[in-house]
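*Asks:* Whole structure, please, built from the sequences with the hints as guidance.
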Amino acid sequence: MNRGPRGGTAHPSDQLLHRYSHDQDIPADQLWAVESHLESCGPCRGRLAPEPIAEAVWAGLEPLLDATPQMPRTRAWRRVHAWVSPAAGPWLAMILLVTAAAVALDRVGVVVGDRVSLVVLVAPVLPVLGVAASWGRSLDPAHELTAATPRAGLPLVLRRTAAVLAVTVPGLAAAGLLTGIGVVRWLLPCLAFTVGTLALGTLIGVTRAAVVLVAAWAVVIVAPTIAFSRTALAFDQAATPVWAGLLVAGLVVTAVRRMTFTRLEGNR
Amino acid sequence: MQAIEADSLVVRLGKRNAVNGLSLRLGQGVHGLLGPNGAGKTTLIRTLATVQSPTSGTLSLLGSPANGKLRPVRRRLGYLPQHFGYYKRFKVREFVEYLAWLKEMPSARIPGAVKTALERVGLTDRAEDRMKSLSGGMVRRVGIAQAIVNSPDVLLLDEPTVGLDPAQRLRFRELVAELGRSSCVLISTHLVEDVAAACTDVVLVSEGSLVFRGTPADLATAGTTEHVGDSPIERGYSALISANAGGAW
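Residue numbers (the working numbering), protein chains in the order written: chain B, 1313 to 1580; chain S, 15 to 263.
Please keep in mind that the hints were generated in silico from the structure rather than gathered at the bench.
Heads up, some of the hints might be wrong.
Part of the chain B face toward chain S, derived, beta carbon under 10 Å [as the list claims (entries may be wrong)]:
(1) Arg1387
(2) Trp1389
(3) Arg1390
(4) His1393
(5) Gly1401
(6) Asp1452
(7) His1455
(8) Thr1458
(9) Ala1460
(10) Arg1463
(11) Leu1576
Here the structure is a predicted model, which means the values were calculated and not measured.
We put the beta carbon where it would ideally sit given N, CA and C, even for glycine.
*Replies:* As structure tokens, then:
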């Protein structure tokens, strides 16, 4: 507790001074002490008087603060949607749900063909759905508005794709750990299909590309695996260079034809 | 330099030319784009909004060719598509803010610009409501708000008055008249009365080609009492369309 300037009563606390200046209820003895202190203490009277500069600054700030009542929340929200397409939310949730279902089925012993886990079968098509929701005409209602803005283009497409992978890959990694499936068996097909959707999307539009790739996967890989009860070559270690090659080819096509993403034809 | 300069623009969609060798120069003011359904109005507006590439011909917007770097031009563009898609779970303010971000507006300017845009379309009191709770007319007004949020120099509105009630249409005409004083506003519509009331200038297209360009008064003088329509301007419209395509349908 500070002593007064001439050994008088203690300086009142900020809280007490605030209550005094706002005519709030203060016990009589404290009220008297504050008043007698203020009579003798210039600095404390200064604390009580409104500061003209602070008042002026506040008067200027107040309307601005009114105009932006929720800045911190708004900024955080905008940061999320700078990456995640506003249309992709439910699809990202569905991706995690399907991954969990594949793990559950694997754990209860449901396998396809010659011990092919469902996790491996769904891994490539999951991100394709996310990408279609992020840039496709049929799943993103505001695709035409977005396409006309300066941000439309490969950088935004890649951000949204990264957001899809940021959900899909950790989900599949957890699924891989739970089911004992090695990373190489799902990661490369998953990435190759993701980039493949974008690459094919520059040629026929992302929506159509997603449909074509999911259908191709179902017909060429999944159906024979189920029908003939044998592991498709695609799941073999030996297929790794093929997946890597497809991934690189996809990246090249996407980069070369990136301008498609600034037009509506990229959404078809 | 005019804000929009199109020369022999051709846009091929499937087997037909939706826009067929159209040349057009538009500067400041409110221009009405009229024409029957299927005349190529939406394709033309999409091409001017740079989301549709022309098959041939040249297009320059605000002095730069619209085939190379689109970003600087798009920052100065406002566009309301015919099918205005939006995110239902977004609040009105959030949706317009998101579009402002997509238009690369400086972060510090976004809250103020969104507030102003919502004020101009009379939606300030609905700013914190979800998009899905709005009526059709209100959704259209959000569409107009997102188009004007970046104070565009070229504003392209495709059927902006659909879903607006008569009072809202009057307010809309006042708003575009105000915007047309400083920028180039092109409004596509099939409502001839909107053009008569709101536009300084009429562009009439049929089957992808320019049929007429002039003031609403000029359009009115093109018709006679023999032509279909309730007002002189409607009669002028049907006269020009039937002369070009053999029928107003």
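*Asks:* Would the hint on B:Trp1389 be counted as holding, given a Cβ-Cβ threshold of 10 Å to chain S?
*Replies:* holds (7 Å)
*Asks:* Holds or violated: B:Leu1576 as interface residue toward chain S, Cβ cutoff 10 Å?
*Replies:* holds (4 Å)
*Asks:* Given a cut of 10 Å on the nearest C-beta pair, is the interface hint for B:His1455 held or broken against chain S?
*Replies:* B:His1455 check passes; min Cβ-Cβ to chain S is 7 Å, inside 10 Å.
*Asks:* Holds or violated: B:Arg1463 as interface residue toward chain S, Cβ cutoff 10 Å?
*Replies:* holds (5 Å)
*Asks:* If you take the shortest Cβ to Cβ gap from B:Asp1452 to chain S, is it below 10 Å?
*Replies:* holds (8 Å)
*Asks:* Does B:Thr1458 hold up as a contact with chain S if the rule is Cβ-Cβ below 10 Å?
*Replies:* holds (6 Å)
*Asks:* When the nearest CB of chain S is found for B:Arg1387, is that gap smaller than 10 Å?
*Replies:* OK, holds: B:Arg1387 within 10 Å of chain S, min 8 Å.
*Asks:* Please verify that hint: B:Gly1401, Cβ, nearest Cβ of chain S, below 10 Å or not.
*Replies:* holds (8 Å)
*Asks:* Report holds or violated for the interface hint on B:His1393, using the least CB-CB distance to chain S and a cut-off of 10 Å.
*Replies:* Constraint on B:His1393 satisfied, holds at 6 Å.
*Asks:* Does B:Arg1390 pass the interface hint, meaning its C-beta sits closer than 10 Å to a C-beta of chain S?
*Replies:* holds (6 Å)
*Asks:* So, B:Ala1460 near chain S? Judge it on the closest CB pair being under 10 Å.
*Replies:* Status holds, d = 4 Å.
Of the numbered hints listed earlier, not one is contradicted by the structure.
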